[in-house]
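Enquirer: Residue numbers (the working numbering), protein chains in the order written: chain A, 1 to 114; chain B, 1001 to 1117.
Hints are supplied without guarantee of correctness; some may be wrong.
[As the list claims (entries may be wrong)] Below, in silico cross-link-like pairs of lysine-lysine (BS3-like), each with a Cα-Cα straight-line distance of 25 angstroms or less:
| no. | chain 1 | residue 1 | chain 2 | residue 2 |
| --- | --- | --- | --- | --- |
| 1 | A | Lys78 | B | Lys1104 |
| 2 | B | Lys1022 | A | Lys11 |
| 3 | B | Lys1022 | B | Lys1058 |
| 4 | B | Lys1057 | B | Lys1022 |
| 5 | B | Lys1058 | A | Lys62 |
| 6 | A | Lys78 | B | Lys1022 |
[Stated by the list, open to error] Covered by chain B, per the in silico footprint, the following chain A stretches (three or more residues, Cβ under 8 angstroms):
| no. | segment |
| --- | --- |
| 7 | 41-53 |
| 8 | 106-114 |
[Claimed, not checked] Reference listing, derived: stretches of chain B covered by chain A, where coverage requires no fewer than 3 residues with Cβ under 8 angstroms from a Cβ of chain A:
| no. | segment |
| --- | --- |
| 9 | 1062-1070 |
| 10 | 1078-1085 |
Calculated from the structure, these hints are not laboratory results.
Backbone N, C-alpha and C define an ideal beta-carbon position, used for all residues, glycine too.
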Amino acid sequence: DARVTQTPRHKVTEMGQEVTMRCQPILGHNTVFWYRQTMMQGLELLAYFRNRAPLDDSGMPKDRFSAEMPDATLATLKIQPSEPRDSAVYFCASGQGVTYNEQFFGPGTRLTVL
Amino acid sequence: GENVEQHPSTLSVQEGDSAVIKCTYSDSASNYFPWYKQELGKGPQLIIDIRSNVGEKKDQRIAVTLNKTAKHFSLHITETQPEDSAVYFCAASIQTRVKTSYDKVIFGPGTSLSVIP
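Make a model of the complete structure from these sequences and hints.
Expert: Rendered as structure tokens:
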């Protein structure tokens, strides 16, 4: 069955290193969301795209985070340089339609920055 | 901007009992209220949603109610089962039919539900 995939599922890295997380949205979905989940902040929207164009990235620290959609089947979230406070679970979700519909979440990438 | 609060943060119930989770929102323009369930190690999954033109919606053992005047909505789970144990998130969103509409979803902080066998 169709589902959102994310890689890697787990990532441990050292402070200062670059981290790239990848997401494959469900085929045919035109909206992609990136969320960060922590115990303290809950689910935070970092950025989202519609038809590969960024619509809102106001939740993302611009100095170190960047999000792109090189094509309709791939979304990336990059952190450079990473910091310990970036440790969290990062979720990608996709949806379809002009108006809001159900968001289908991927399994997440658990990032630990030492 | 929109702010969603959720109570309680943790909830334990005996199997077979009912569970109720309550949320409030701040933006009166919000018109779409989904509920997501997150099981351990997985991403959230939509379980039910309600739009502002209805006051209640049911799906088997799950029901949601919405009070637009008071700006609060609730999730009711009846005859709880151990597999209902998870974190539940309420959310609020403004949906329009404009192609460039800003349909950002604001999630509540979550409720960890434990169903004791």
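Enquirer: I'd like to know which numbered hints this structure contradicts. Please list them from smallest to largest.
Expert: Failing hints, ascending: 2, 5, 6, 9 and 10.
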